[in-house]
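J.: Sequences listed follow chains A and B, in order. Reminder that position 94 of the first sequence reads as 94 in the numbering used here, one-by-one numbering, no gaps. Reminder that position 325 of the second sequence reads as 325 in the numbering used here, one-by-one numbering, no gaps.
Where hints are given, some of them may not hold.
Any copy, or any two copies together, can satisfy a pair, since identical chains are not distinguished.
[Unchecked claim] In the DSBU-like style, the derived pairs of lysine-lysine whose C-alpha atoms are separated by at most 35 Å in a straight line are: (1) LYS205 / LYS399; (2) LYS425 / LYS73; (3) LYS337 / LYS205; (4) LYS290 / LYS194; (5) LYS5 / LYS194; (6) LYS79 / LYS425; (7) LYS134 / LYS73; (8) LYS194 / LYS329; (9) LYS290 / LYS205; (10) LYS425 / LYS290; (11) LYS79 / LYS205; (12) LYS5 / LYS222; (13) LYS245 / LYS399; (14) LYS205 / LYS333; (15) LYS425 / LYS333; (16) LYS134 / LYS399; (17) LYS73 / LYS222; (18) LYS73 / LYS373; (19) LYS286 / LYS79; (20) LYS225 / LYS425.
Derived from the structure by calculation, the hints contain no laboratory data. Since the structure is predicted, the reported quantities are computational estimates derived from the model, not experimental observations.
In case you want the letters, here they are:
Protein chains: 2
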Amino acid sequence: MPDQKIILPPGNLPLIVVIGAGFAGIELVRNLPEDLFRVLLIDRNNYHTFQPLLYQVAIGGLEPDSVAYPVRKIFSGRKNFYFRIAEVTGMDLDARTVATSVGTVRYDMLVVATGSQANFFGMDDLKSNSISLKSVTDALDLRSLILQNLEASLATTDETEREALLSMVVVGGGPTGIETAGALAELKKHVFRKDYPELDIGRMKVTLVEAGPELLASMSAKSRKAAEHFVRGMGIHLLLNTQVKNYDGQTLSLGNGETIPCKAVIWSAGVTGQLPALFPSGATEKGRIKTDEANRVTGYENVFALGDVAGIFTPSTPRGYPMLAPVAKQQGKHLAKNIIRQAAGSEMTPFSYTDKGTMATVGRAKAVLDFQKLHLHGFTAWIGWLFIHLMYLVGFRNKMIVLVNWMWNYIRYDSAIRLIIRPYKKKT
Amino acid sequence: MPDQKIILPPGNLPLIVVIGAGFAGIELVRNLPEDLFRVLLIDRNNYHTFQPLLYQVAIGGLEPDSVAYPVRKIFSGRKNFYFRIAEVTGMDLDARTVATSVGTVRYDMLVVATGSQANFFGMDDLKSNSISLKSVTDALDLRSLILQNLEASLATTDETEREALLSMVVVGGGPTGIETAGALAELKKHVFRKDYPELDIGRMKVTLVEAGPELLASMSAKSRKAAEHFVRGMGIHLLLNTQVKNYDGQTLSLGNGETIPCKAVIWSAGVTGQLPALFPSGATEKGRIKTDEANRVTGYENVFALGDVAGIFTPSTPRGYPMLAPVAKQQGKHLAKNIIRQAAGSEMTPFSYTDKGTMATVGRAKAVLDFQKLHLHGFTAWIGWLFIHLMYLVGFRNKMIVLVNWMWNYIRYDSAIRLIIRPYKKKT
């Protein structure tokens, strides 16, 4: 429907169009005053996704509604706020229009907060045969695939096929990678062992592949060592200094010439900015949208980029800020303040990032936490991780449900959600 | 894979093959002794579905894991028990074999407990364009469709189209029908009104169509009247004595010549037995498998049918027992006892149904309950309904999560899960 316009209720206030209901987009809209602007938020889903916990959906620790929150509910009762489920199909920054699957819209100010996507560094086979954990459907697909593979392993008499069906490889030793590998190892030990008595569960193998010499490269030396200790202690097959070259759905080929037969590869080895369709390439660099320190897109007065997709390249941040939820949230909040300043006739101020620490969890009572000079690992770090993730989850009901789930998981080892609701089928 | 056999661990005990992990199949296996038989349970899903609460998934009251429970978990630790996810593709009752999508198996005893499916009475257009609530995916499809229609209504300038997008018709005035219509009316009043401020929500219309003169035909006169009173009081457009003729996805045609523009039709006006593929037609009647009073299939010594699919046609039950969960559970338990009797050299005894009452709920504090001479309606009946459904839910964790959800729903009106995880696409 190329000619159709997005119909909005009439109004005279300037229209801010925000693309993306991730951490940055939500935080921006939350902090904008209701009566100075009209806001149109666009996302391809009708919910905000709490991405740091997607792996919990994949391994059956949580249901989708615990990590996804409806956009309309977040902004319930807000004045001059509109939301549309739409895919952005193009844009004309000179004409100030955005084209979407439900029509075009003319903006007074545009904010691009489209986040990031998995980066396969040009390896197309890997892209089409592996699963990355960027969306709720990815996570549900992975949950189905792992269960389907276990069931299929009971039906085969081919030993090589069975080995591949019982082999799961996680690529990338960052937080998502070690969290997923750790959770799979715990599923094997506590859940699958009981669920599949016909199977020699010792043959199920979880492998974690990391190109660098250590796990959690961005964390402290203490945390890196502790994470490696946890990973090895859980029986995860750890391959450091190992690159991945190709994956045909059956065999994963490594840079050192070795191969791993496996029917499930989880990709968490790299992300890149998710540029909206037809965004001017002159305004992008290293897969992100180039902005000044106030998140204003280079060359466009009234266009801003936030979060993972935004690249603030300065001498102190030559590669831009890390693609993390706290950066996105802080940028969203900061831009809201800047927009208010500008409306009041003041200059915008540069963004600066307050690092509140980083953390990762490998399993029950096995987490690492860096906060300035503090480095925790083990049970204390794990409680910290639980508490902080719970605090950040949007919505009180979500928190209560997640807390009940986690408490229950801790008391019993057996509570994983192992439903194959929609069987996974390979993308074609 | 026609030649492949289902591989089971070796064993000398007689093999009972049970098709269907519904109420009847689960209850049968639960009550069989572990060391007299080997049991192979086959289902197309890896979970048992608590069908009476599927409508709660559809309207966002519960997540799938609250009404679905993994089969392997139900029978965790059980000896001589095997489970396979498979579709039954055929059977040869003389050769004592069942063919499935994962291979064939030879049984010593076969139990068919495949349940029921929606009955469209030959109206193919209705079948392909409406949604019936028989599975978790049906329920999730309906949830997505309703939300997609509301979103789409914001994008159209065509008044007729908008009317159809905001119109939902439930066909069938049995428990499922009135529960679904009631829940939709509550969503409209408490959730959608707030979520869609751009919309004149008064234009959203819920219609309940029933062919007979009253709702809940199988219940007491008091309950029938109370249910009708509740339904009318909730603003549901009620059409009694009205048949449905055709639905093309856009317009529902009624028997009286009138039409209703609507983009969502929920079919709960009839069910019929779900006969397994290639089951001998000589052993079926009225869409069910003919059995004697011990659930033994007419003409086959070692084949039994249970629950919705079983037809025990006697002078006192000329149409067979009603297709209800309690009947299925009681038959499953009774057959287990009979199998044990037979193994001990005794005769099987006839099944008799103990009616423990019926109930239905229309909304918050609006339920009806018949138990022998007791007829309750309103808040007391609703609490009874909540309590009994909770008691019947398999698994302690499910109960706790459902209870938290329901308590929360009762305190606030706003907790519906309104995520479009996988957009609904029409079957083709």
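J.: Now tell me, hint by hint, if it's right for this structure.
T.: Status of the hints after comparison with the structure:
no. : hint            : in the structure
1   : LYS205 / LYS399 : both (33 Å within a copy, 34 Å between copies)
2   : LYS425 / LYS73  : both (32 Å within a copy, 25 Å between copies)
3   : LYS337 / LYS205 : neither (50 Å within a copy, 42 Å between copies)
4   : LYS290 / LYS194 : neither (52 Å within a copy, 38 Å between copies)
5   : LYS5 / LYS194   : between (56 Å within a copy, 24 Å between copies)
6   : LYS79 / LYS425  : between (42 Å within a copy, 33 Å between copies)
7   : LYS134 / LYS73  : both (22 Å within a copy, 29 Å between copies)
8   : LYS194 / LYS329 : between (42 Å within a copy, 26 Å between copies)
9   : LYS290 / LYS205 : neither (42 Å within a copy, 49 Å between copies)
10  : LYS425 / LYS290 : neither (37 Å within a copy, 38 Å between copies)
11  : LYS79 / LYS205  : between (53 Å within a copy, 26 Å between copies)
12  : LYS5 / LYS222   : neither (55 Å within a copy, 53 Å between copies)
13  : LYS245 / LYS399 : neither (40 Å within a copy, 47 Å between copies)
14  : LYS205 / LYS333 : neither (44 Å within a copy, 40 Å between copies)
15  : LYS425 / LYS333 : neither (40 Å within a copy, 38 Å between copies)
16  : LYS134 / LYS399 : both (21 Å within a copy, 31 Å between copies)
17  : LYS73 / LYS222  : neither (41 Å within a copy, 39 Å between copies)
18  : LYS73 / LYS373  : neither (39 Å within a copy, 45 Å between copies)
19  : LYS286 / LYS79  : neither (38 Å within a copy, 58 Å between copies)
20  : LYS225 / LYS425 : neither (38 Å within a copy, 49 Å between copies)
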